[in-house]
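Sequences listed follow chains A and L, in order.
Under the working numbering, the residues of the first sequence are numbered 682 to 1133, in order.
Under the working numbering, the residues of the second sequence are numbered 2 to 531, in order.
No lab work stands behind these hints, which were simulated from the structure alone.
The C-beta atom is built at its ideal place from N, Cα and C for all residues, glycine as well.
One should not assume that every hint holds.
Derived lysine-lysine pairs resembling BS3-like cross-links, with alpha carbons at most 30 Å apart [to be verified]:
no. : chain 1 : residue 1 : chain 2 : residue 2
1   : A       : LYS859    : L       : LYS214
2   : A       : LYS1028   : A       : LYS1068
3   : A       : LYS859    : A       : LYS736
4   : A       : LYS896    : L       : LYS214
5   : L       : LYS214    : L       : LYS155
6   : L       : LYS474    : A       : LYS1130
7   : A       : LYS781    : L       : LYS398
8   : A       : LYS880    : A       : LYS781
9   : A       : LYS837    : A       : LYS802
10  : L       : LYS214    : A       : LYS781
11  : A       : LYS781    : L       : LYS242
12  : L       : LYS281    : A       : LYS781
13  : L       : LYS338    : L       : LYS242
14  : L       : LYS214    : A       : LYS834
15  : L       : LYS83     : L       : LYS398
16  : A       : LYS834    : A       : LYS880
17  : L       : LYS281    : A       : LYS1130
18  : A       : LYS1126   : L       : LYS214
19  : L       : LYS338    : A       : LYS779
20  : L       : LYS83     : A       : LYS834
21  : L       : LYS474    : A       : LYS896
22  : A       : LYS781    : A       : LYS730
23  : A       : LYS781    : L       : LYS524
24  : A       : LYS880    : L       : LYS325
25  : L       : LYS281    : L       : LYS242
26  : A       : LYS1129   : L       : LYS276
27  : L       : LYS198    : L       : LYS155
28  : A       : LYS859    : A       : LYS779
29  : A       : LYS1126   : L       : LYS524
On the chain L side, residues computed to face chain A include the following (Cβ under 7 Å) [unchecked claim]:
no. : residue
30  : MET111
31  : LYS114
32  : VAL115
33  : GLU230
34  : GLU280
35  : GLU307
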Amino acid sequence: MNKLTSLQRKLVYLGGIILLFIPITLLGLPGTTAPASGMGTAQEDAGGKLTRLRKEYDLGESSLGSVDPASSAMSLVLLGFRGVATSLLWLQAQHEQKTKAWPELRATTESIILLQPHFLKVWDFQGWNLAYNVSVEWDAVADRYYWVKEGIKFLKKGVQRNQKYPQLYWYVADTTGKKIGRSDERVQFRRFFRDDPNKEMYPSGLDAGVNPDGKDNYLVAKEWFERANEVNDTYHNEQHIMARILFRGYPMRAQMDYATALQQEGLFDEVTRHAWEVGFNEWTTIYGMEEFDSPGGMLHMEVTPDEAARMEKGTKEDRELLRWVARYQDMTNYRYWRTRALAELDKNTVEAHRELYEGERAYLRGDFTASRDLLEKGMAKFDTMLKRYPDLLTDDPTIEEGLLGQLNWRAVLLLEDEPVPASYPLKELWDASQNRLPSVEEEFKRRKKTFR
Amino acid sequence: MSHDPVPFQILPALLQWLAVVGIILAISAVTLTVTSLATSGATGPLMIFEQIGGGIHDWLSTAGRRVWALTMLTFREAFRRKTLLVFVVFAILFLFAGWFLADTSPDPSMQIKVLVTFVLRAISWLILPVVLLLSCWGLPEDIRARSLHTVVTKPVYRHEVILGRIFGFSIVGGLVLVTMSVAGYIWILRQVPESAKSRLVARVPVYGALTFKDREGNDAAAGVNTGDEWMFRSYIEGNTKGRAIWDFQHLDQQLPSGAEDLLLESSFQVFRTYKGNIEKGILAQYILVNTDKKIRAALPPFEVHEFRDNVLKVERNLTDEEGKPVDLFNDLIHDGKLRVEVRCLTAAQFLGVARPDLFVRLPDRSFAVSYFKGIFGVGLMMVMIVVLGVTASSFVKGPIATILTLFMLLVGRMARPFFDELTSAQHMGGGVLESIYRIVKHLNPQTPLEDTLPNNIMQWIDSAGLNVMWALKYLFPDFQSFNMSEYVANGFDVPWSAAMLPSIALTVAYVIPWIILAHFSLKLRELEAK
């Protein structure tokens, strides 16, 4: 039988524990970085084997982004039940959304991301849910804007936790650009973005959580798209939202969205022209010259006519590469945006937009004489624009702008009891676009109804 | 509020309780009689009567002194088992609570909701596992360590042991609960920003009965369904004769004497069929009506602010629809009755209403009142767990008692809506047999079954099964009804008739049969068997 006394047994156990403790400690020793002293550099200690392996394969939490102590604590406390807890919380969030318990829903989403801080789809889904689905449940525009901001802030928090993955940067940009700039409430949202309606909370009118520098929403979106591309370049973590060739063009698209938004708001000055100029330059010199991999070899989309002719006459590989250039240009709508930006730099185009816009305002104000004059001049210039840049005839917003201008003009003629002449500028566009007319007429009526 | 606080009817509830207890007693009596006849022959049923008689004698001989002594013993045991370490977890949780809560929201009512819900949830989640483990392991541990033998050899009855355990654990749990709730209350007061402190109140609502008129002005059972997944609200169409009508009763007894105005508070929702002017809200209007004297006074229209307080102060002096002056308290409120008609003024837009969406707001009570009522709900739930745990541990060992109690708690807390839906008459698709039949025949739940004999037999068997299920569902207490946090978090006083009384009744209804069950289980248990 056992001849050891109780004390001896305990000492043996203690010895065993200490013996096991030594290799465990050596294996799991954490790495440290001592602060630099004087002119010296920081001293780094790689730590034990496990730490080195974690660093080598980027498995540590800190290698993904900033570490949230609450998140780590929750994961630790729940042991292996993190997945179960997340599923329960997800069900709870759905119930709270169904019963319109918004503060509770917001708190539950926070709990979910404490448990799943590096599951990008969770950030994407919940960020979208707050910015799009929850915001529309509120009737007041200011309330809707609050929830759009909540969605953006939520996604930005996701970026902090996952700094090396471009997706979340892109979602922040997309929500800032598209949700604020293109939703039904875009007029109010774009205004609120630079002048927040909650003056109690943000007396300066700027919510630093979404727009610290008071910029236009599309310019902020552009910065986030650029950061997404930078992260993509730096860490080589591929995004899984869309084809790379499309993904890389978003900063330039945001720049052109910015210029378009200025025009829609009736700004046809140097600021708008400069915005288009920047857009054109970036589109052709940065995006257009970026090398992309294709089955035909590495290519860039900005190809001059001479270069194209040379390639056409070149080897079989050159011709194949040219075909891929054309395919990629189609895929990204490259030629359209190039032409559009170029057209918008043309003084005639700027004047066409301005006159059609001001003509419509004059009509809505009841100043029919001025309206007719402006609209006829604008239509003539618009016609010239389409002849100079026929690629624009495939662009929906351009066609709608041309048709809207004509609807305003026809309404003025009707009020002045004058027939529509047999020939007039943009007649070809009118005849060719009859199938689009019902939807444009809806827009025409809506504008009349909401004019203030 | 996301639910309708319906006042509790004590008489129907009592009759229902008697029916369920009667069914269970009848099933038990039959089972016991058959079993005793099979095991002990003709003397079996006599032995049952003997045991029941003995049990009644035990209860008649109860001595408070002995029960108190056993209570103190239980209390000291729990103390020795370091139960109070739960305070350390509680303190740690609150020290780091800021980490786990959502970022500060600019909306004060949202901040309060999140903080109050967190505190009440944290208290329940910490206290319930502690009392569950204590109560489930107390008796089995005593039997295992044979310390119960020293008690039962003293002149005490078994039910006194049970009562001592229940009171002892409840006192321990109660002390922990009181300490935690006071700390939680102070924490809330400190966390709520100064600007939101004024919203830390307990609103006292008086709800009315809601009826509808359709767009033609005819009586309707409900408003329009606009397709909202959550069918809590019903909608009335704007600029039509559609009305949501609230009839308030007994206002004269509830309004403070000398009141010069009346507060009407609403939380309607809006459904737009077209965007319209998105910068302007949908317009609604109240019309106060004295139905006896046919006096109608329309109040100025107001914009509906969704998910926010829409409080309207109605002054005493009003004018009726003919422009004559009327007095709110003398002309419109008659015998304590007031009718409020609500209409939506914006054409082709809809106003969503539910019964608790409009109420007369009486003077607010202190937040502490509703908070501690909410804590009282947690306390009642704790007592239920203690009694259930002690009962379970009187006939099974600690681990099984824990699993059984936990199972009852989880089913009672989470599965009650499922049971209710299953046993309700509105349940589509029939019972088990009918469902199988429909699956095999590819019949959807809406298609009526043919009136044939086999189908009728099948439906009869299903309905018998559902009736058994109806009785069985009451074996699991509805633990969700103890959760009063929605009232507290939304700034409402916890109502007596809709929340406090049903919780107390529920506790009494379950505790009595459980204690009797525990008594007989321990009485008939062979303690040497461990």
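### Task
With a cut-off of 7 Å on the beta carbons, see whether MET111 (chain L) makes it to chain A.
4 Å, holds
### Message
Need the status of pair LYS281 (chain L), LYS242 (chain L): alpha-carbon distance at most 30 Å?
### Response
22 Å, holds
### Query
Within a Cα-Cα threshold of 30 Å, do LYS1129 (chain A) and LYS276 (chain L) meet the stated pairing?
14 Å, holds
### Message
Would the hint linking LYS896 (chain A) and LYS214 (chain L) be met if the CA-CA limit is 30 Å?
### Response
51 Å, violated
### Message
Need the status of pair LYS83 (chain L), LYS834 (chain A): alpha-carbon distance at most 30 Å?
### Response
At roughly 44 Å apart (the allowed maximum being 30 Å), LYS834 (chain A) and LYS83 (chain L) break the hint.
### Task
With a cut-off of 30 Å on the C-alpha distance, tell me whether LYS781 (chain A) and LYS242 (chain L) pass.
The given pair, whose Cα atoms are some 28 Å apart, holds under the 30 Å limit.
### Query
Should the interface hint for GLU307 (chain L) be scored as holding, given a Cβ-Cβ cut-off of 7 Å against chain A?
4 Å, holds
### Query
Do the alpha carbons of LYS83 (chain L) and LYS398 (chain L) lie within 30 Å of each other, as the hint requires?
Given that 30 Å is the threshold and the Cα spacing comes to 21 Å, the pair holds.
### Task
Take the C-alpha atoms of LYS338 (chain L) and LYS242 (chain L), compute the straight-line distance between them, and say whether it is at most 30 Å.
Within the cut-off at roughly 23 Å; holds.
### Pair hint outcome, LYS281 (chain L) versus LYS1130 (chain A) [Cα-Cα no greater than 30 Å]
Holds, at roughly 14 Å.
### Message
Check whether the Cα positions of LYS781 (chain A) and LYS398 (chain L) lie no farther apart than 30 Å.
### Response
44 Å, violated
### Query
Does the structure keep LYS859 (chain A) and LYS736 (chain A) at a Cα separation of 30 Å or less?
38 Å, violated
Hint compliance for this structure: hints 1, 3, 4, 5, 6, 7, 14, 18, 19, 20, 21, 22, 23, 24, 27 and 29 are broken, all remaining hints hold.
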